[in-house]
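Fit chain B to the supplied structure of chain A, relying on the hints for placement.
Line by line, the protein sequences give chains A and B.
The numbering of the first sequence is the working numbering, which starts it at 222 and goes up by one.
The numbering of the second sequence is the working numbering, which starts it at 222 and goes up by one.
Hints listed in this document are in silico derivations from the structure and should not be mistaken for laboratory results.
Since the model is a prediction, treat every value here as computed from it, not as a measurement.
Accuracy of the hints is not assured; some may be wrong.
Since the list gives no way to pick out one identical chain from another, each pair is judged satisfied if it fits inside one copy or across any two copies.
[What the hints assert, rightly or not] Subject to a maximum C-alpha distance of 30 Å in a straight line, what follows is the list of computed DSS-like cross-link-like pairs (lysine-lysine): (1) K538 / K314; (2) K314 / K546; (3) K546 / K499; (4) K283 / K258; (5) K282 / K314; (6) K461 / K527; (7) K229 / K461; (8) K350 / K339.
Okay, here's what each chain looks like letter by letter:
There are 2 protein chains.
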Amino acid sequence: MQSKLRNKLIIQKYGGSSVANIEKIEGVAERIISYAKQGNRIVVVASAMGDTTDALVCLAKKINPHPSEREMDMLISTGEQISCSLLAMAIHKRGVGAISFTGPQVGIVTDTYHTQAKILKIETDRIKKELANKMVVIVAGFQGVSTALEITTLGRGGSDLSAVALAVSLKADLCEICTDVDGIYTADPRIVKSAKKLKYITFDEMLELASRGAQVMHTRAVEVAKKFNIPLSVRSTFSKKEGTIIMKKMPFIEEAVVRGVTLAGNEAKITVCDLPDKPGIAAGIFNELAKVGVNVDMIVQNVSHKKITDISFTVLKEDISQTLKIARAIAKRVGAGQVIFDENIAKVSVVGVGMKSHSGVAAKTFSVLAKNKINIDMISTSEISISCVVKREAGKRALRALHKEFKLDRIKS
Amino acid sequence: MQSKLRNKLIIQKYGGSSVANIEKIEGVAERIISYAKQGNRIVVVASAMGDTTDALVCLAKKINPHPSEREMDMLISTGEQISCSLLAMAIHKRGVGAISFTGPQVGIVTDTYHTQAKILKIETDRIKKELANKMVVIVAGFQGVSTALEITTLGRGGSDLSAVALAVSLKADLCEICTDVDGIYTADPRIVKSAKKLKYITFDEMLELASRGAQVMHTRAVEVAKKFNIPLSVRSTFSKKEGTIIMKKMPFIEEAVVRGVTLAGNEAKITVCDLPDKPGIAAGIFNELAKVGVNVDMIVQNVSHKKITDISFTVLKEDISQTLKIARAIAKRVGAGQVIFDENIAKVSVVGVGMKSHSGVAAKTFSVLAKNKINIDMISTSEISISCVVKREAGKRALRALHKEFKLDRIKS
Numbered sequence: 222m223q224s225k226l227r228n229k230l231i232i233q234k235y236g237g238s239s240v241a242n243i244e245k246i247e248g249v250a251e252r253i254i255s256y257a258k259q260g261n262r263i264v265v266v267a268s269a270m271g272d273t274t275d276a277l278v279c280l281a282k283k284i285n286p287h288p289s290e291r292e293m294d295m296l297i298s299t300g301e302q303i304s305c306s307l308l309a310m311a312i313h314k315r316g317v318g319a320i321s322f323t324g325p326q327v328g329i330v331t332d333t334y335h336t337q338a339k340i341l342k343i344e345t346d347r348i349k350k351e352l353a354n355k356m357v358v359i360v361a362g363f364q365g366v367s368t369a370l371e372i373t374t375l376g377r378g379g380s381d382l383s384a385v386a387l388a389v390s391l392k393a394d395l396c397e398i399c400t401d402v403d404g405i406y407t408a409d410p411r412i413v414k415s416a417k418k419l420k421y422i423t424f425d426e427m428l429e430l431a432s433r434g435a436q437v438m439h440t441r442a443v444e445v446a447k448k449f450n451i452p453l454s455v456r457s458t459f460s461k462k463e464g465t466i467i468m469k470k471m472p473f474i475e476e477a478v479v480r481g482v483t484l485a486g487n488e489a490k491i492t493v494c495d496l497p498d499k500p501g502i503a504a505g506i507f508n509e510l511a512k513v514g515v516n517v518d519m520i521v522q523n524v525s526h527k528k529i530t531d532i533s534f535t536v537l538k539e540d541i542s543q544t545l546k547i548a549r550a551i552a553k554r555v556g557a558g559q560v561i562f563d564e565n566i567a568k569v570s571v572v573g574v575g576m577k578s579h580s581g582v583a584a585k586t587f588s589v590l591a592k593n594k595i596n597i598d599m600i601s602t603s604e605i606s607i608s609c610v611v612k613r614e615a616g617k618r619a620l621r622a623l624h625k626e627f628k629l630d631r632i633k634s
Numbered sequence: 222m223q224s225k226l227r228n229k230l231i232i233q234k235y236g237g238s239s240v241a242n243i244e245k246i247e248g249v250a251e252r253i254i255s256y257a258k259q260g261n262r263i264v265v266v267a268s269a270m271g272d273t274t275d276a277l278v279c280l281a282k283k284i285n286p287h288p289s290e291r292e293m294d295m296l297i298s299t300g301e302q303i304s305c306s307l308l309a310m311a312i313h314k315r316g317v318g319a320i321s322f323t324g325p326q327v328g329i330v331t332d333t334y335h336t337q338a339k340i341l342k343i344e345t346d347r348i349k350k351e352l353a354n355k356m357v358v359i360v361a362g363f364q365g366v367s368t369a370l371e372i373t374t375l376g377r378g379g380s381d382l383s384a385v386a387l388a389v390s391l392k393a394d395l396c397e398i399c400t401d402v403d404g405i406y407t408a409d410p411r412i413v414k415s416a417k418k419l420k421y422i423t424f425d426e427m428l429e430l431a432s433r434g435a436q437v438m439h440t441r442a443v444e445v446a447k448k449f450n451i452p453l454s455v456r457s458t459f460s461k462k463e464g465t466i467i468m469k470k471m472p473f474i475e476e477a478v479v480r481g482v483t484l485a486g487n488e489a490k491i492t493v494c495d496l497p498d499k500p501g502i503a504a505g506i507f508n509e510l511a512k513v514g515v516n517v518d519m520i521v522q523n524v525s526h527k528k529i530t531d532i533s534f535t536v537l538k539e540d541i542s543q544t545l546k547i548a549r550a551i552a553k554r555v556g557a558g559q560v561i562f563d564e565n566i567a568k569v570s571v572v573g574v575g576m577k578s579h580s581g582v583a584a585k586t587f588s589v590l591a592k593n594k595i596n597i598d599m600i601s602t603s604e605i606s607i608s609c610v611v612k613r614e615a616g617k618r619a620l621r622a623l624h625k626e627f628k629l630d631r632i633k634s
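Isolated chain A, as found in the complex (with noise of 0.2 Å):
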């Protein structure tokens, strides 16, 4: 692909761990020199070096254990400052022109929620006049101004929003996901080894492996590039090889149904027993725990019986300690009985928008799990994805099952 971009405006992301050091700065340097060589405009987004922002959010924690988030997006922010800054001098000793630039700076305008605003527009003059004079713009990802003149940072994710978002304002022609894997995989390759990886991808099946466990892409950026349109490609900053694109409607007529599977395990379950079977009992569960900013994700309701139910639901392990406070309080108050909880748990799914069009794909799942003697615990559906919560140790067994099932290490792209 790369040899065949020429006098395109590309937006380039480049994550931490392409800028963890200066070794690494000088080969992003070098890469971006190479396409902006073939007349190329280049607008590159940098993330702070490697485990900088950690190390700050450390910092901040050992001083103040709950320290103001507009103090911490103050902080946070430096670490891409520094980066772009240095990209900007390693580009300079190879001759070729550059300028960094703080989000603010740019004119990346967001809501005034910190440390995980939300853009609401790009000023573009500056980058314009830049590129205009022929230099290679880079920005600062992760931060912008707010509409109240603070700094801002964008959360989770968010120097890939900054760069979807940069495409978006600059009308790109290409926006590339620089990072440390070549590509998006039908499975995570460290777990399956025939995981094949994919030459094309659906934003909506991109959205799914994402949220069931693909640690590649955040949501956030994908959901921006599937609502304006702009296809993204997802590939290593460390090799030539193409990687993956993500686009709104696959190229060719005939897909595979299922495109990959993902195993997550960062998800607890949680189960209140002995819940009286009243309307609203339940809903008041959610909505406490939705007040608080806790994300419940799968729920299973067991037949009532005797006027008496149990109720499961799976939430992330950071959030336990406070939903089973939560919980138990309401279980209480309401006369259930015991709040336990599991978080011995993994979660595997099945993605592919071919689902919405094949019928048999649950069944199917169900089927190859059960033949492999792994209990299912939970099963959510959507219309492109099935998930099953089983025990955490059939976790990886039922992943290569699954990935053997529906012949992705046969999937052609």
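Frame of chain A; chain B shown alone:
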């Protein structure tokens, strides 16, 4: 002094050693709060933590030995942003409101000379608003935003300068320079055991002391304080001891003639031998040096005989190689002799505004050195100071002898 301050507007500047680690930042937070609790409005200017700036410069030089000054400013301005946000968090933990700002954010407007920008004006609206909200306002020192909307830094002594400029703009009642020494001494206490801390010193004396080797404050900040007549209090971050007030005029009718002695070892002597004694030749050398930014300090020209003379001058050691190159080129061109240099020198200075009206200080200085068998190599004088170049090994001895002779160990204030 601290106990008397109530309902004042106070600027406090904390240097890098005052915020070098978490413990010190916590200490600074407590110190600030002790002032705020007495009804004072506080604007804090903080430097980067410890050696952060040096570490960033080192990182940049590894990537590009000649980094662009604009990108250097992008890079190193992050240091103060980090210390300021952490300081705000430490103050919050103690239940007091505080808010940190970058230089650009708070409207410290500078010219466009990156890495050595000059402050043009400060927009004080935002600071005043936050002060009215009873917030401790924390401003990143050493930085601003240029008229071209770029991030700039102010060069050496920049944070002191930010503090003084804020004191001017906000019409502060007091400007404290909080550092790791507890005031201005009659001599460096590490060399002269009997050195006394001065209670007061004039701007002019401070400027002389600073330019002749005293390292407590940079001359730029003192110059601005003098221009706008803002008294400065130089004192320790880590103790409650009163420091030294730098002001326009001493608050007594009679005062000591000599107020301090300094020793500087950062200069070298260059001698151009056998220079034709024609008008314009010496000037030629100094013009060339000025063009490349080399500062010449002391100049001595021998009495001419046979239309040939020797000329000696001192420059900073870091400028030696550049100076030699220029001097040797000119010497060759005009048919002069050898150009030799001596790094083995020291400069002792005697400073005091009283000298203006008291004769005999120079004579006393020379005779003390003679009595101690210390040879004087070069001499320069100003209205309020006398400096002598001596052999390096005699420097400390000369300093102690002068300190004793002028009875600085018995000075009262």
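Measure nothing new, just compare the shortest in-copy and cross-copy C-alpha distances for K282 and K314 to 30 Å and report within, between, both or neither. Classified as between; 11 Å across copies, 38 Å inside a copy.
If the cutoff is 30 Å on CA atoms, where do K314 and K546 land: within, between, both or neither? Let me know, please. So K314 and K546 pass the 30 Å test across copies only (26 Å; inside, 57 Å).
Indicate which option fits the pair K229, K461 if close means a Cα-Cα distance not exceeding 30 Å: within, between, both or neither. Classified as within: same-chain Cα gap 18 Å, cross-chain 63 Å, threshold 30 Å.
30 Å Cα threshold - placement of K314 relative to K538: This pair counts as between: shortest inter-copy Cα distance 28 Å, intra-copy 46 Å.
Taking 30 Å as the upper bound on the Cα-Cα distance, should K283 and K258 be classified as within, between, both, or neither? between (46 Å within a copy, 25 Å between copies)
Up to 30 Å CA-CA - K527 versus K461, copy category: For K461 and K527, the Cα distance exceeds 30 Å both inside one copy (64 Å) and across copies (74 Å).
Could you figure out if K350 and K339 sit no more than 30 Å apart (CA to CA) within one copy, between two copies, both or neither? This pair counts as both: shortest intra-copy Cα distance 25 Å, inter-copy 26 Å.
Within, between, both or neither, where K546 and K499 count as close if Cα-Cα is 30 Å or less: Within one copy only: 22 Å inside, 93 Å across.
In the structure shown, a violation is registered for the earlier hint numbered 6 alone.
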